[in-house]
Amino acid sequence: MRDAQKGSASAIEALFRAHWPKLYRAAYLVVHDAAAAEDIAQESFVAAIRRLETFDRERPFGPWLHRIAVNRAIDWLRVRQLRTEAELEDAAAPVQPRDLSDDALAALAGLVPEHRAVIVLRHLLGYTPGEIAELLGLPRGTVNSRLRRGLDTLRERLPS
Amino acid sequence: MRRELERIEVPGEDEAERRAWSVVSRAFSERLPAPPPPRRRLRPALVAIAVAIVALVAVAGGLAGSRIVHSVREAVGLKTAAPALTRLPTGGRLLVTSAAGAWIVQPDGSKRLLGRYSQAAWSPHGLFVAVARGHELAAVDPHGMVRWSLARSGVIRLPRWAPDGYRIAYLDGATLRIVAGDGTGDRSFAADVARVAPAWRPSATHEHVLAFSTARRELELYAVDGNEVVARHRLPAVVLQLLWSSDGDRLVVLSAHAIAVFAHDGRPLRSIRLGRRALGAAFEPHTHRLSVILGGPRSDVLSFDLDRPGGHAREIFGGTGRFSGLAWSPDGRWMLIAWPTANQWLFVPAEDGRRIAAVSGITAQFSSGTSLALFPGLDDWCCVP
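Each protein sequence line maps, in turn, to chains A and B.
So for the first sequence, my numbering puts the first residue at 933; every next one is plus one.
So for the second sequence, my numbering puts the first residue at 26; every next one is plus one.
Chain B on its own, in the form it takes in the complex (with noise of 0.2 Å):
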């Protein structure tokens, strides 16, 4: 048995094993040595000395956002971590899911548990939440109460709101299905997609315009009530991410190594080519920036202004090990870093002149009754009610 197991061909050990050391290297450097023992008790005074000195350089060591990020590219988690959230440092509400299940933390940092779903996404003023487990979908308010519930044959994932609240795209196995948002009129809509979650296009008005990617890697975007292929192109690469900036105008097809540029009728604008592979990414609320975790043995986040020729990148934030996901606050002010090497969030300002704020002891804040230990999954954050 021990032949067949060592036998066994493991994929990409080589690599792996550079890339990990790249990670635990830095962290030892890192962590610094236990304190030898106090040899003699410092006389008060002295005490009082150093406890001033130490207090003066924290305060002159609160550097603004832009400054913070040289200062943690070599360091796994930040030093300066609070040990539980307390609160948002903005407005708006985070929808989180863990091995316990779906949360809302609110902005004082209280947390609600919504019931033990896999999956969630908020409805458009966040009055609503849709949630998946298995084969059911369910749409709860924010305390958790079921409004209503839907069973298909295929395990449900990746519900989607549309902006106006009229309609809920989900996958049921590789079938991409809608149903209005009161529950009723559920249909198929497209077979054989891939499993990446369907966007719909923000409008002020209640068009429904739909991208999805098919198993066959085509993006589609597909007006919805109208039965209409508005756009369809076939992508050199599998797609990770479908994004929408916030106002229609821009649509973003990542993958691997490569971000995808589309207009709002689906006409393709540019190409931009990634030199490490791509995480996940969010839009800047009200911008056509994008931000991508570009990840390795080092992860780091990226903005990206789309309006730009080549994409202009400007570094956010970077530090050693993986970052999860990342979500803007509504007000665009706040940007959430998950990361789980360092079991810490980070909220890093969007503007200089404000610290980045961290939190530590991510897992156990959301691994109520469970014993799961996960880094859980940042899902969104969204408006104020």
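Isolated chain A, as found in the complex (with noise of 0.2 Å):
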């Protein structure tokens, strides 16, 4: 991080490599869409450059990061469903067969937005109850029952 704030390229690099792949996922874990997750993840590595000077670099980068992509990837979903389009979709997209990652993926899409993103960020990135409610800002009591209610939706829609 001393590195990237004092311009190395290389830094930014090692950075962005270590970073991208879970951002990315958990962004489509989020919203569920490839495109959306790609600005999203994409849009937030930007703006976490943007403010690189201001940050910290006592404490690590990847919640600092999480918190932008995952803070947008709510409001992205919460966009869309003022948007109403979310309950239609693409006629276009290919047919696949079905296997166990589908279900999981389609058990994710039927929790609300703020179910799916702590669920994510415990779940995938590993955060701890607590951590989540500092990414989020919200009280940890608030956090641990959108977790409890969260798993337990997973667990009535997931194939034992």
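A couple of the hints might just be wrong.
Stated by the list, open to error - Within a straight-line C-alpha distance of at most 16 Å, the following computed EDC-like cross-link-like pairs (lysine to aspartate or glutamate) qualify: (1) B:Lys136 <-> B:Asp404; (2) A:Lys938 <-> A:Asp1007; (3) A:Lys954 <-> B:Glu38; (4) B:Lys136 <-> B:Asp405; (5) A:Lys954 <-> B:Asp39; (6) B:Lys136 <-> B:Asp166; (7) A:Lys954 <-> B:Glu40; (8) A:Lys954 <-> B:Glu161; (9) A:Lys954 <-> B:Glu34; (10) A:Lys954 <-> B:Asp405; (11) A:Lys954 <-> B:Glu42.
Stated by the list, open to error - Residues of chain A clear of chain B, computed beta-carbon distances all greater than 10 Å: (12) Arg989; (13) Glu990; (14) Pro995; (15) Glu1063.
In case anyone wonders, no lab produced these hints; they're calculated from the structure.
Even for Gly, the Cβ is constructed at its ideal location relative to N, Cα and C.
Could you fit the two chains together into a complex? Lean on the hints.
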């Protein structure tokens, strides 16, 4: 991080390569739209780079980036719900055989955005409920209840 | 659970990473490291000289639009962007949709929130706006007062006002419906249509000819009042956008990798292959030139002259990241490019000799009353009433 702040291109590439796969995956699991996930992850990185000077390098880069991306993903979903476009499927999407990961994705899609985000933060990115509370600016109890309700819903929908 | 989430196949991971790195690395390379703290105070005379030099450089750097194209090609946003939208460079009013709702932007830069609508379209002379949210379609005046509204069982999208103001076409789920401009006579017109905005053919008379795309990838050109099919064509690709030139002589069907051009009666004229993915387009007013956004790690706006073989393309503007929309001013003198990656709007002059005017912080300027921070959609730049 220190080198990136000084302008090292190789340092920023190392940061990008280290964080992109999970960032993109997390955004995709929240929004379920590859193009939107790419935009969200990419624009989160660009936003982070713009604020690189102000970043406290004593703190880890990942949570900072994840907070930007997950909040953007939640915003994107809320706006999409406002536009009520979520219920129609893309007619051009190819039909693929279902497997377990399809079931997981479908089950995840059934959660409200806020529950989906905390599930992804907890179980994909590995944050503790306390860290998620800090990332999203929520009371810890709210995070716990969202996790519990989200997991209950997933268990009901996923084949055992 | 973690294993499950990691096993989910995420489409196009490698391509997305490649594209994103291209954008991120450019954004990083144009960012200047923080300057070191000053070691000693500069003498006032030196400061004055430095300010004068900077001012001279700034004036000399005021390039014409065509030269600016090159200077920003590898940048994410214009550094000279104004911090707020204080005026439009020419007349007309903008229609914008953000998470807060639909907005009208006046020439002096003032904005009015019409209401919490998700879609909006001008009436022909900008006297009214057709707006939609959920299952409701409404016509409101520019102050946001509702003149009429109706509700349908499906989700209402993409209202489009006919050029004479007497008809509005819109989608009710996958059904194309048409209602009179005063809200009466609403009727179903076609089922199983694609989610693409229908396009009325501009006309000096009161004929109502509508172009729309079906879910079976067919283009239909329909004389609404006579209930007559004017033309029907099978399309090779999913339609992104249907556009008429302002004289009604050219119809464009934009798909991801092609511009298909049709005559006013629906005869196919030519097809132009695009090497990169098209994201949107707009006709330059009073011409047969089509401005097209081509996406990728970098976005470019190209102008295609549809009357020339091969569609002779001229580059207008290019920048790093994604352009989400464009609109021409009604007088054809300025083009507005929406640039979410830079959180900027760019007003690009049609003629050389003027500078590009950029405005930054667009998301915040249209997020009133909501905590949602997403870049707003650019709907249209309409006429002076």
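- prompt: What are the numbers of the hints the structure violates, in ascending order?
  reply: 2, 8, 10
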